[in-house]
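Quick note, the sequences are listed as chains F and G, same order.
Just so it is clear: in the first sequence, position 40 is 40 by this note's numbering, and no numbers are missing.
For this note's numbering, add 1000 to where a residue sits in the second sequence, where the first one is 1.
Just so you know, these hints were derived from the structure itself, not from any lab.
Computed from a predicted structure; not experimentally measured.
For glycine and all other residues, C-beta sits at the position ideal for the given N, C-alpha and C.
Treat the hints with care, since some could be wrong.
[Unchecked claim] Where chain G lies over chain F, by a calculated footprint (3+ residues, C-beta under 8 Å):
1) 102-113
2) 159-168
3) 206-214
4) 244-252
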Amino acid sequence: MLHKLQSKIVILLVLVYFIFLNDFTYCQSTNSNNLFSPENRLRFGNSLYIENDYLRAANEFKEYLKINFNDTVQFKFANCFFKIGRFQEAADNLKSLFFSSSLSEEAKLLYYESIFFHKDIKSFRELFSQKKYYPLKYDFVIERMNSILLLYDDSTLPAPNLLFKSFPDTVQSQLNNFYLRKKFPQNKSAVTAALLSTIVPGAGKIYTGEIGDGITAFFTTLLSAYLAYDNFKSDHQFKGWLFTGLAAFFYGGSIYGSAASAQIYNAALRFNLDKEIKLFFEQRNYFLPEIDY
Amino acid sequence: MPKLLRNRAKLNMKIKISLIDALLAVFILIALFNSLHAQTDWVKWEAKEINYEFQKTAGHEYKIDSSSFGMTILSLARNAYYFFISDLDGDNCPFSPSCSQFFLNAVKETSIFKGTLMFADRFTRDLNLFKGLNHYPINRANKYYDPEENYTLHSNKIKL
């Protein structure tokens, strides 16, 4: 009986231990320092920042900055927004670092980068032309960004030696290639395409590279015209006019379609070039310097 | 030891054991209480009713466009085409929007003359046996995406 009593006491003690174990651990957390002190928030924010958890890190930095101002933390706070693509908020939070801060040049560079990635071309050009908040230490980077925006945009391009002077020599030939294709695109004329199809149905489509469509247009028009001619010849007036209408339908469609096809060709040419340029710069991180923020 | 004392010791021992038994039962109940929470998840795993009826995957809407007299006539003609030909033949047009819808959209977007020319061009392109080699992007319905906006001769409207 005593043995039975002992075993039951042991089981009871084990159960008591497990049930209250959690409570004790919770209790311990309340006995330690204040988790929400500015120092702990900063520590936690830095840890989240290193883990690339920028949204939560920004929240911790924000709470810290409410009590203490520190330019490094302010910079990191702005960079958090930059990293998660909230460029406007990044730019707004960088302004306080432009003057009397050891990070002012880096802050100005990140400010320009924020506007660049926000695709606010108008603001970027205004800042660039007025040299406002201009980071002299990184002027070549700003010039590169301006050149990239000019290449993206359909505005008038300056001479290539001026446009690409800030880029490394290794990519000059590729940039010149882009420049030439952008400045002098190998477009197809819609008028020429329409005229060619007027002379030979479908020829305009072949001119724009749609060979299958061109041959189809040629044969449908030719076949309809032949059937119209044959029916008129056989004195089948109704069928003759029916096929005449059909031939006119295909002929008109071929002329119109050739002009439309030339426009689509030009649009595709522009679209593919823009995509190629974007990919080129994206793969090289827009030639931005690697600064350990 | 006298018999009376032995009996009292036995009684005390029994009382202790029953007390420990009661405590043990209480703690087991507390321990089980935590694990019982898991059972609240049963809603997640309940059986779902499945409908085995065939769902309609494709079909035409017999709408009448009353924006203008011409469009009403054209939409009536299109509905007649849907009813007598297209719905019997099946969803065979490889383009999206289909040729009949393209014609109606083209007329609505431009004019009856320009819309007819656009349709003539589309019809010719549809007759091309090798249209798969062309530039058309393929949409989710596995059809060549070819919107009428691309053929209005306004280059800013072209969608690629």
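Outcome of the hint check:
| no. | hint | verdict |
| --- | --- | --- |
| 1 | 102-113 | violated (count 0) |
| 2 | 159-168 | violated (count 0) |
| 3 | 206-214 | holds (count 3) |
| 4 | 244-252 | holds (count 3) |
Checked against the numbered hints listed earlier, the structure breaks hints 1, 2; every other hint is satisfied.
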